[in-house]
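**Q** Position chain B relative to chain A; hints supplied.
Those protein sequences? They're chains A and B, same order as listed. Each residue of the first sequence is one higher than the one before, counting from 1 in our numbering. Each residue of the second sequence is one higher than the one before, counting from 1 in our numbering.
Warning: the hint list may mix true and false statements.
Unchecked claim - Subject to a maximum C-alpha distance of 20 Å in a straight line, what follows is the list of computed SDA-like cross-link-like pairs (lysine to any residue): (1) A:168 <-> B:42; (2) B:20 <-> A:174; (3) B:20 <-> A:2; (4) B:20 <-> A:132; (5) B:20 <-> A:129; (6) A:3 <-> A:150.
I should point out that these hints are in silico values taken from the structure, not numbers from a laboratory. Keep in mind the model is a prediction, meaning the values are calculated, not measured.
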Amino acid sequence: MSKPDSACALVTGGSRGIGAAIAVGLAEDGWPVVVNYRSDGDAAARTVAAIEAKGGRAVAVAADVSDRVQAERLLDESVEAIGPVLCLVNNAGVRADNLAVSLSDDEWDAVLTTNLTGSFRLTRLALRTMIRARFGRVIGIASIVGPRANAGQANYAAAKAGLIGMSKTVAVEVASRGVTVNTVAPGFIETDMTRDVLERAASAVPARRAGRVEEVAACVRFLASDAAGYVTGTTVFVDGGLAA
Amino acid sequence: MASTITKDQVEGVVTDALVKFGTERELITPEVTFESLDIDSLDLFELGQIIEEEFSIELKGSDVKDIATVGDLVHVVAALA
Chain A
1 MSKPDSACAL
11 VTGGSRGIGA
21 AIAVGLAEDG
31 WPVVVNYRSD
41 GDAAARTVAA
51 IEAKGGRAVA
61 VAADVSDRVQ
71 AERLLDESVE
81 AIGPVLCLVN
91 NAGVRADNLA
101 VSLSDDEWDA
111 VLTTNLTGSF
121 RLTRLALRTM
131 IRARFGRVIG
141 IASIVGPRAN
151 AGQANYAAAK
161 AGLIGMSKTV
171 AVEVASRGVT
181 VNTVAPGFIE
191 TDMTRDVLER
201 AASAVPARRA
211 GRVEEVAACV
221 RFLASDAAGY
231 VTGTTVFVDG
241 GLAA
Chain B
1 MASTITKDQV
11 EGVVTDALVK
21 FGTERELITP
31 EVTFESLDID
41 SLDLFELGQI
51 IEEEFSIELK
61 GSDVKDIATV
71 GDLVHVVAAL
81 A
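Pulled out of the complex, with its shape left as it was, chain A reads as follows:
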């Protein structure tokens, strides 16, 4: 089954960094894109402008995906603005790093709610349409943290490992309906979110460099494509060999 013409892609946290690169890349592949953002409307507008400058179609929609009501509204507004969401990229994420002995309940909850619960809720909603359409692509942006340890990120690791586990199970549930569910696990990628840890971390990477956001987006673009229809329930590491 090929992507229906009326379909759109929703990229959460699509205003900056990896999310913005994914939004631009999917638009280059012909997807009309909803660029979701929580607070940085200017950055979202720049991403939309970048897509439109290349002849693509995009709209920016504000919503905090950790909020159930806002997440539901995000799906509704996406459908109204462009069309049914048949490609969902759960990219929105936050960090609240601390050693486990010092990690507060608030820091734990904030990361789990946005990175994992928010992804689940949006996936649950989007699947209803995807199942009926007999086509869908759900792509979670996980992390090498989760499959691997990283001191100071027990909450982030739990959320990202949870995203991988959730995706595998959902993939099995909906595979017979032409809906694929996968995760992409970036390693050290140059973004605003990672700038503070990148320099000391890159020396541990076999490729001896940090990755680029476009290299993560390339994997998402493949997983969203018709060509990836038989790829489901898996995780693609984009990490310069770090997890090997």
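**A** Chain B alone, transformed into the frame defined by chain A:
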């Protein structure tokens, strides 16, 4: 709309949906079980969505938990509508 729905209308919607899922039309009778038609839980979820949209009703889990046959479902939906 709800007060004007007949069992025949519900049967028609259910039958059309089951045919769309791949069931042969002649196998669909009130007595036949969904299990014997190879209708899985995801099909039943989708069938519920179709019924809700078609008849503007809400099917709760408690409404459908004991449904085994096509006739069971038609009876429940017609009673709700």
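**Q** Against this structure, judge whether each hint is valid.
**A** Checked hints:
1. Of the pairs offered as hints, the one joining residue 168 of chain A and residue 42 of chain B holds, with about 17 Å between alpha carbons and a cut-off of 20 Å not exceeded.
2. Simply put, residue 20 of chain B and residue 174 of chain A have alpha-carbon atoms about 17 Å apart, close enough for the 20 Å limit, and the pair holds.
3. About 18 Å separates the Cα atoms of residue 20 of chain B and residue 2 of chain A, which keeps this hinted pair within 20 Å; it holds.
4. Distance restraint check for residue 20 of chain B and residue 132 of chain A: the Cα-Cα separation of roughly 11 Å lies within the 20 Å cut-off, and the hinted pair is therefore satisfied.
5. At roughly 16 Å between alpha-carbon atoms, residue 20 of chain B and residue 129 of chain A fall within 20 Å of each other, so this suggested pair holds.
6. Taken as a hint, the residue 3 of chain A and residue 150 of chain A pair is broken in the structure, with Cα atoms around 38 Å apart against an allowance of 20 Å.
When each numbered hint is compared with the structure, a violation occurs for hint 6 only.
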